[in-house]
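Engineer: Can you make the complete structure from the sequences, with help from the hints?
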Amino acid sequence: MKTILELKGLSKFYHGVIALDKVSCSFGEGEIHALIGENGAGKSTLIKSVSGAIQFDEGSIVINGKEFTSMTPDQALDAGVAVIYQEFCLVPSMNVAENIFIGQQVGSKYLADIPQMHQKAQEIFEKLGAKIDTHAMVNTLSTAQQQLVEIAKAVSRNAKVLFMDEPSATLAMQEVQAMFGIMRTLKEQGVTIIYVSHRLDEIFEICDRVTVMRDGKYVSTSDIKDITRQQLINAMVGRQLDSACPPRNAKIGDVALEVKDLMGNGDYNIDLAVHHGEVLGIAGLVGSGRSEFAKVLYGAVPKDGGHIYVEGKEVEINSPSQAIELGIGLIPEDRKTEGILLEYPIDWNISLMILKKLSNHMVINMQAVKETVEKYFKRMRIKAPSTQNLVKSLSGGNQQKVVVAKTLAAETKIIIFDEPTRGIDVGAKQEIYQLMNELVEEGNAIIMISSDMEEVLGMSDRIVVFHEGTVAGELEKKDFSQANVMSLASGL
Amino acid sequence: MKKGFSFNDFLKNNVAWVILALISLIFTFLNPRFLTIRNLTTVLDQNAYLVVAACGIVLIQMSGNLDISIGYQMSIIGVIVGTLLLKTALPVFLICIIGIVIGIAMAVLNCWLAERLKLSWLIVSLATQNIFLGISYLFSGSKTMNGFPQGYLDIGQTYIGKAVPLAVIIAAVCFIIMNFVLSKTYFGRYIYALGGNEEATRLAGINVRLMKYMIAIIAGFFVGLSTLMLTSRMGTAQSGIGPGTEFTVITAVFLGGVSIRGGEGKLSGVLAGVLLLGVLTNGMQLAGIDTYWQSICKGALMIGAIAFDVYQLNRRQKVKKEEIAKMEESALAAEKEKENK
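If you read the sequences in order, they're chains A and B.
Using my numbering, the letters of the first sequence map in sequence onto residues 1 to 492.
Using my numbering, the letters of the second sequence map in sequence onto residues 493 to 833.
I should point out that these hints are in silico values taken from the structure, not numbers from a laboratory.
There are no misleading hints in this set.
No more than 25 Å apart at the CA atoms, straight line, and that leaves these computed lysine to any residue pairs for SDA-like: (1) A/LYS336 <-> B/MET703; (2) A/LYS370 <-> B/PHE679; (3) B/LYS758 <-> A/SER359; (4) A/LYS357 <-> B/ILE710; (5) A/LYS357 <-> B/PHE679; (6) B/LYS758 <-> A/ASN360; (7) A/LYS356 <-> B/ILE709; (8) A/LYS357 <-> B/ASN699; (9) B/LYS610 <-> A/PRO92; (10) B/LYS758 <-> A/MET362; (11) A/LYS336 <-> B/ARG701; (12) A/LYS356 <-> B/PHE672; (13) A/LYS357 <-> B/MET706; (14) B/LYS610 <-> A/GLU292; (15) A/LYS356 <-> B/GLU691; (16) B/LYS758 <-> A/VAL363; (17) A/LYS120 <-> A/ASP74; (18) A/LYS336 <-> B/ASN699; (19) B/LYS676 <-> A/GLN367; (20) B/LYS610 <-> A/ASN265; (21) A/LYS357 <-> B/ARG701; (22) B/LYS676 <-> A/ASN360; (23) B/LYS610 <-> A/THR337; (24) A/LYS356 <-> B/TYR705.
Just the calculated beta-carbon pair ranges, DEER-fashion: (25) B/VAL593 <-> A/VAL301: 32 to 38 Å; (26) B/GLY653 <-> A/PRO302: 54 to 60 Å; (27) B/GLY626 <-> A/TYR309: 54 to 60 Å.
Heads up, the beta-carbon is just placed ideally off N, CA and C, and yes, glycines get one too.
Structural biologist: Here it is, written out as structure tokens:
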């Protein structure tokens, strides 16, 4: 295999802290090469160095035989390096073709040739084997389609090396398969794809080789067929880890929460129940109405009809505060916008839901707050020097622990985890799973919404599958399989 | 993590006080009359109504909103109270209450419109300020009102113990109460939370809508009180009194370290902001600098305050990366230690 991209002793320092430590590795032409590592392993720094988004401090980059000792975004683009970040760089109010050719000239020197632009865009999509209206506004497209536009943008610039940073994180299962198809097409056309993902199944499915990074250092590169899952995990964390989902010893008791004919927020006819000591998994495609259901149950969005029973009694939930009073807690899907106050210290966040309770005539009892915060700070094993640190200085996994600590501090007994481990690294994932186990062992009930198949199958006692806003079916433990979940989720 | 003394943090928290001290020093050199008890009392007296208004406005800004119709609300309150004082025989006390209630009503109106139309408070107040101004002129007929009863004038013109103006005492009481509310009560904490992340605050079970109305009511109260202090001190009311105040107060709040994005800042900083502007005006008057230059200075100060805020934000984002790297390192080291054991 011909080497297309080679890194020679690449280093990057942030104010004296090493983010990339003499990384040397190479990527072959026309391969799909996985780049994995825990959060903070240096993957993003590597991508940004190669694409010129940041300046590396030492070493060099060789692209297609040409050596660079420094890199600008222009040089990287000219050399054929393109990056698709998790957050897309598209202009929502412009159409597909305009987005693809943004910054490029189609037509004469002064006038853009609009028909030609659309024709060229169309050709690119045909080459990729995808169908998309080039006149459609980007803000009317689904996430998967927007990603396709990003890919087309890269293709239009003759990208030779395409970095994809967690492209599957926001896609539904079917869409991921479609994306894999496009990746294979690109590979046949000789494009090298460097694929960053936390999901190991995907890596085994699509990638040819895999490079592992840890603590800013290069660890290893191997052929995917020569390595096992466990070996990969060990290489990433640098230590033995138990199986992905740790076992638990919980006794399943009475029904904690039951929902009958629940309607609202686009969902209808939702019937389900969760018991004490049980993890009820909710699977489904993105947009199948799972998070919408959670919002209705939590009172964040009003319900249009149906009944909710907590501990056998019918209840009315019209606001989050009522839900919390009934012992229902929500760990929201989008941590940054719904879960935490990024600019505030950890203790403010953990105590947010209980301040009123710990106040005397509106005046906060600082001592009581401090004790509660300390308790949950320790229990969640939040890795921070003190509870005074700002939440935004924490890693994703630790931020998630703060959200969980906040919800637990409110003494909730029925806890909805919406994508509990999205975007957090393997180590923190394990800790969240362990905590969920502890919670159900204590007799709490958990509703876990997840798009991570491994997580759904591994953590749940039962799985309810959503499809287009309602329950498509329920699976008992003996029927757990990826195929069963998938067929229900796709409405088959 | 070491918590040593950081000059930058000190500056961030006390920037208004530092500038205040510097400017006072300069004015003392320019005109020795500046640093006399009498002059300083005058500065406090002149600016007491601004401190009171700021006590309310700061809540709106901390919750991430901006109300630019304050001055026009003051205009309406001023002329209505003035008319009632001159044309009716209602007791002064009752008229004052009516004035405050009108202030509350206008703030609640802004809040209600913003909520119902799902618009920002800024846009709503941009529209309502014109409405308020029009109503004010219709009410006053562009006339100036004079000759208020002594009971009313006392609010702004009494000296306690022949040395301390009553207005300064009112302002001090308002400041102390609001400082307590913001730093020690859960309501205060919720205001910060609201400014930091509204959706997360709502999902934490806090009645965000109620919070906003509470903020409007409190802000309206202080604006009303502030207007009473201003018109009684001046002994006159007309539609032109009030407009413009919003910019002074908003500048002061920014100078005090309240972030443009909301959710940050302290009331003590805002106090320094108000005093800073007051000292600037007073000092320049004593130094014989004309009012247009004063206006230019105020504008420049506001830009400076915002620039400093943005600079701080950028700096913190850089620090963030460092902190993450450090923490992951220390966490890893701790785990390795465990393994070794």
